[in-house]
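A.B. asks: Protein chains in written order, with the numbering used here: chain A, 1 to 279; chain B, 1 to 287.
In case anyone wonders, no lab produced these hints; they're calculated from the structure.
A virtual CB, placed ideally from N, CA and C, is assigned to each residue, including glycine.
There may be inaccurate statements among the hints.
Below, in silico cross-link-like pairs of lysine-lysine (DSS-like), each with a Cα-Cα straight-line distance of 27 Å or less [claimed, not checked]:
no.	chain 1	residue 1	chain 2	residue 2
1	A	K140	B	K39
2	B	K39	A	K90
3	A	K135	A	K213
4	A	K135	A	K175
5	B	K128	A	K135
6	B	K39	A	K175
Here are a few chain B residues that sit away from chain A, every Cβ distance over 10 Å (derived from the structure) [to be verified]:
no.	residue
7	P79
8	L106
9	V120
10	D135
11	N137
12	L221
13	S234
14	N278
So you can see what is in the structure, the chains are spelled out below.
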Amino acid sequence: MVRVLLFILAGMGVAPFSVHADHSSKIEIVGSSTVLPIASRAAEKFKSASSHRMRILVNAGGSGVGIHSVARGRSDIGMTSRKISMSERKRFEGSHLKVHSVGMDAIACVVSSEIYAAGIHDLTRQQIRDIYQGKIKNWKDVGGPDRNIVVVDKERHRGTRHVFMNYIFGNPTPKTFGTLLVTGSNNEEQTKIAQSDSAIGMLSYAWINDEVKAIAIRHEKNIVSPTRETIRKGNYPITRNLSFITAGEPNGEVKAFLEFLKSPEGQQIVEESGYIPFN
Amino acid sequence: MKNESQCMMWVFACLNFMFLCCMGGLFFFLVHESFPIIKLYGLDFWFGQDWWVGETYGALPMLYGSTLVTALACLLVLPLALAVAIFISEFLTSMNRRFVKAVLELLAGVPGIVYGLLGVTFLSLWIKDIFGLLDGNTLVTAACLLSIMILPTVLTLSEDAMRAVPAEYRENALGLGLSKWQTAITVVLPQALPGIMGAVLLGIGRAMGETIAVMLVVGSLDRIPDPWFNIFSSAQTIPSKLGREAAESIGEGTHWSALMALGLTLFLMVLVISFMGNRFLKRERKL
Numbered sequence: 001m002v003r004v005l006l007f008i009l010a011g012m013g014v015a016p017f018s019v020h021a022d023h024s025s026k027i028e029i030v031g032s033s034t035v036l037p038i039a040s041r042a043a044e045k046f047k048s049a050s051s052h053r054m055r056i057l058v059n060a061g062g063s064g065v066g067i068h069s070v071a072r073g074r075s076d077i078g079m080t081s082r083k084i085s086m087s088e089r090k091r092f093e094g095s096h097l098k099v100h101s102v103g104m105d106a107i108a109c110v111v112s113s114e115i116y117a118a119g120i121h122d123l124t125r126q127q128i129r130d131i132y133q134g135k136i137k138n139w140k141d142v143g144g145p146d147r148n149i150v151v152v153d154k155e156r157h158r159g160t161r162h163v164f165m166n167y168i169f170g171n172p173t174p175k176t177f178g179t180l181l182v183t184g185s186n187n188e189e190q191t192k193i194a195q196s197d198s199a200i201g202m203l204s205y206a207w208i209n210d211e212v213k214a215i216a217i218r219h220e221k222n223i224v225s226p227t228r229e230t231i232r233k234g235n236y237p238i239t240r241n242l243s244f245i246t247a248g249e250p251n252g253e254v255k256a257f258l259e260f261l262k263s264p265e266g267q268q269i270v271e272e273s274g275y276i277p278f279n
Numbered sequence: 001m002k003n004e005s006q007c008m009m010w011v012f013a014c015l016n017f018m019f020l021c022c023m024g025g026l027f028f029f030l031v032h033e034s035f036p037i038i039k040l041y042g043l044d045f046w047f048g049q050d051w052w053v054g055e056t057y058g059a060l061p062m063l064y065g066s067t068l069v070t071a072l073a074c075l076l077v078l079p080l081a082l083a084v085a086i087f088i089s090e091f092l093t094s095m096n097r098r099f100v101k102a103v104l105e106l107l108a109g110v111p112g113i114v115y116g117l118l119g120v121t122f123l124s125l126w127i128k129d130i131f132g133l134l135d136g137n138t139l140v141t142a143a144c145l146l147s148i149m150i151l152p153t154v155l156t157l158s159e160d161a162m163r164a165v166p167a168e169y170r171e172n173a174l175g176l177g178l179s180k181w182q183t184a185i186t187v188v189l190p191q192a193l194p195g196i197m198g199a200v201l202l203g204i205g206r207a208m209g210e211t212i213a214v215m216l217v218v219g220s221l222d223r224i225p226d227p228w229f230n231i232f233s234s235a236q237t238i239p240s241k242l243g244r245e246a247a248e249s250i251g252e253g254t255h256w257s258a259l260m261a262l263g264l265t266l267f268l269m270v271l272v273i274s275f276m277g278n279r280f281l282k283r284e285r286k287l
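Looking at chain B on its own, in the form it has when it is part of the complex (with noise of 0.2 Å):
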């Protein structure tokens, strides 16, 4: 008995190690490959606002698109995400919160390309009326498109924050005379709140890495608006910058390692950004 336990924890060890080494083997790819642009350009690889390949390279219009893109896709998804939480928390039974919540779920495997092809048809055209814009490729649409496809993940992970508030709390606000609404408002939501955190912060980290979707109705050009918060501009992100250019220049070169840099600088930002949320998940979870 105890050899065999032993033996199986030799096992699932070395499988973790592997899996350990995957993750270390990767970063430690990306920081060889982004070395020699990082020697070349120093700190001006970030700073720098003109990308031409063969030129110069300058990764502030992907960063700059990247974030600007994320925190509008937060901003819209939020409220949303928020109503549909309470409402299936505080409001429906047990059975139809189960369907509900399963039917929403699907929605998070759907892959980002069918997203992007109904963006390009749909939704980009539909900015453009609403806007009365030039063209409909731009950073809100890319916003829009992303704020439905992190939805599920930020809702269900809210929603399981305000189910873990304890029964006692609703209870006793009721029992002082405040309604259901009141109560979800008042005392559900702030409780759950690290736990919203928490949602919030990994929807980010898939939304940062949505390559298709925002590569099909971002427009792609490589500049920061003008003026800076015009979000009716096209832009650039760091995922569709790497859709668009990677495959010409795959193995070497500085191209190469410009692109593997603004790849590695994804990477930490999402990495940040993930471990943020998994801690305020945790700390929701200890309540």
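So that you can see chain A by itself, here it is in the shape it has in the complex (with noise of 0.2 Å):
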């Protein structure tokens, strides 16, 4: 009975030693839920074509946890939406971080389709920033019906966030005060508007569906409304490239995979996600 428990608590002190990460065969990958899709399907295309066996892991979190992750060694690859910010920059000097630009995507502002259909189709940056701010708080203030607008807001450090507040207010990093609901991922954030009738937010412009419709920015005349070729001739002012981060130069299996999503095999998936490729 003695041997039989000391047998255990040995095993359990030898356990740890023996499960080692095999560095070589499994790449790890965590950040922005808008790379995300682009990740996963590269990374299925990537496994079955490899000549060995290797894991790939894809998990999401947003594109502040990308860079940290990834320049703490957490993980091996970090997805971002958004550049890296000067105080990240700055925190993670050590990491030499390096950024692998794989395609473009815009971020529109959505409003629940109820409310696109009511008559709001386009916003001008100012009535967007008193909505955020809380100084605009029903939609008839703005040409729609009369209804309170649910302002949804995203997690600080979340990538189309910093992108879409800095075209609106000149700052990645605003305080809003006119914010209802604060959400996190683009589903997370989907869902919300999807379910209100008469919410606003901000969306990838691959994440827009039935249920949450983009509206344009308008600017004295001009109306521009996110379409590729609005994004791709830059007629569109809130776009952003997606990227992965590595810490320092990638090597080996990292490499491989970051060529591959380069490759015209890896831009056709990113055109499959939805997002505009580099070519």
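The two chains are supplied separately, each in an independent frame; assemble them into the complex guided by the hints.
C.D. replies: Structure representation (structure tokens):
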């Protein structure tokens, strides 16, 4: 009886040392939920084309989490849908982060389909700013139905928010006093806007569907909506690169995976995911 | 023979010691990580109302949200749990009782994320329609979800407390002419009260720590509602805040320290409540 117990204890002591990560055949990718569909699809294709057995783990968490993870060595690749901020560059100076962009995406200001159907098809930058600041509280003040606006914001570190707020406020992390709800990933935001009938929010344009409609940005006489052409030509103002980040120069499997993403096959995957490839 | 039991004692003592070290280590880790922010802010950390990362960290909205959501969940769960517990304990036969209890206890094993997804898909929409709200992600929604989650725990422990009331009490009451229902309410329930309080406190302990289910339905807005008693507004709780912000700042910085201080606060709150809960349960068993 005692021998059994001692054996178990010994086993517990040895077990941690026998499990070691086999770095050569596992890639961990963490970060932006916008880039995640590209990474997941590419991982499937890359694994099936690979000559030996390998595992590619893809997790969401947001651009901020992606940058932090790769800089601190908790993941091999980080996904971001925004630029690395000044404060992050300073904080992670020692990690020598390298950015590998694979495609482009636009961020649309979106509203619930009921609001779109009621006639709101475009807003000016100032109007969107006032809505997020809480100065405009009702849709009727911008030409819509008499309903209070459900202002949906995102977590502060999210790439989508950085890029959107940078355009609307000129500052990637402003304080928004008109917010009613804070969401995280693109899925969550899409769900909450679809469930409401008077919501406004910010969403990657590839995630727009029947319940969540994009509105155009109006600037004086120009009305620009996010379409493939306006994004590629640069007419639509809220665009960003979708990138994969490594700490230092990539090598081995990681390098092969990044090269796969930049190859025609990889760019095809970017297009299939709804984003804009770089060709 | 004696050697063997001595040896066993040492083995168990070692395991016990390892466990105590883990608990102590966890506590000291939290204290150590929170130290920078507490040194910087002092008590203002818990009384501050604004949380802007990089500028100011005030935990009051999170403390308020956690307390309110838990209190509301208790209020909602108590009538239902007691009603079902009384039914199971006083009116069901022993075989039926075991079966019903087993099924209800299975519910306790449902993971929080499942509740969270059901909450997002159904509950928040129902609450929005029933109360005519602008949006269904509110304190009330989180409280309802939590009350369903802690129902099995509170129910099963309350029922055990009622079962533990000696049969003589019931027999005496029935002998005096009281009906089964009157016996249940006026004799069994008061006797089982310490055990029921213990059950509720343990349920509170679970409710306070629930992260993902609350995070998906509470709205995650770092503000005390206006007015403060408006439970139909979105707000923030401590685990939900941690769930949303911890991953971006792991390991270093003022932001991390502030989140750890929130974690420490929650840890202490749950510790105190669980301790009180266990005291109540022990008192009841001594009867």
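A.B. asks: Hinted pair, alpha-carbon criterion (27 Å max): K39/B, K90/A. Please report holds or violated.
C.D. replies: holds, 24 Å
A.B. asks: If I take the minimum Cβ distance from L221/B to any residue of chain A, is it greater than 10 Å?
C.D. replies: violated, 6 Å
A.B. asks: Can you confirm whether the C-alpha distance between K140/A and K39/B stays at or below 27 Å?
C.D. replies: violated, 48 Å
A.B. asks: Decide, holds or violated, for the assertion that all CB atoms of chain A are farther than 10 Å from the CB of P79/B.
C.D. replies: holds, 30 Å
A.B. asks: Mind checking the alpha carbons of K39/B and K175/A for me, to see if they're no more than 27 Å apart?
C.D. replies: Distance of about 26 Å is within 27 Å: holds.
A.B. asks: Hey, is L106/B genuinely clear of chain A, shortest beta carbon separation above 10 Å?
C.D. replies: It holds; L106/B is separated from chain A by about 29 Å at its closest Cβ, greater than 10 Å.
A.B. asks: Per the stated criterion, does the least C-beta distance between N278/B and chain A lie above 10 Å, as a non-interface residue requires?
C.D. replies: holds, 29 Å
A.B. asks: Classify the label on V120/B as holds or violated, using whether its beta-carbon is more than 10 Å from each beta-carbon of chain A.
C.D. replies: violated, 7 Å
A.B. asks: Can we confirm that no CB of chain A comes within 10 Å of the CB of N137/B?
C.D. replies: Violated, because the least Cβ-Cβ distance between N137/B and chain A comes to about 6 Å, which does not exceed 10 Å.
A.B. asks: Is the claim that D135/B lies outside the interface with chain A correct, judged by CB distances over 10 Å?
C.D. replies: violated, 5 Å
A.B. asks: Quick one: work out the minimum CB distance from S234/B to chain A and report holds if it exceeds 10 Å, violated otherwise.
C.D. replies: S234/B not clear of chain A: closest Cβ-Cβ about 6 Å, inside 10 Å.
A.B. asks: K128/B and K135/A: Cα distance at most 27 Å?
C.D. replies: holds, 24 Å
Hint violations for this structure: numbers 1, 9, 10, 11, 12, 13, all remaining hints satisfied.
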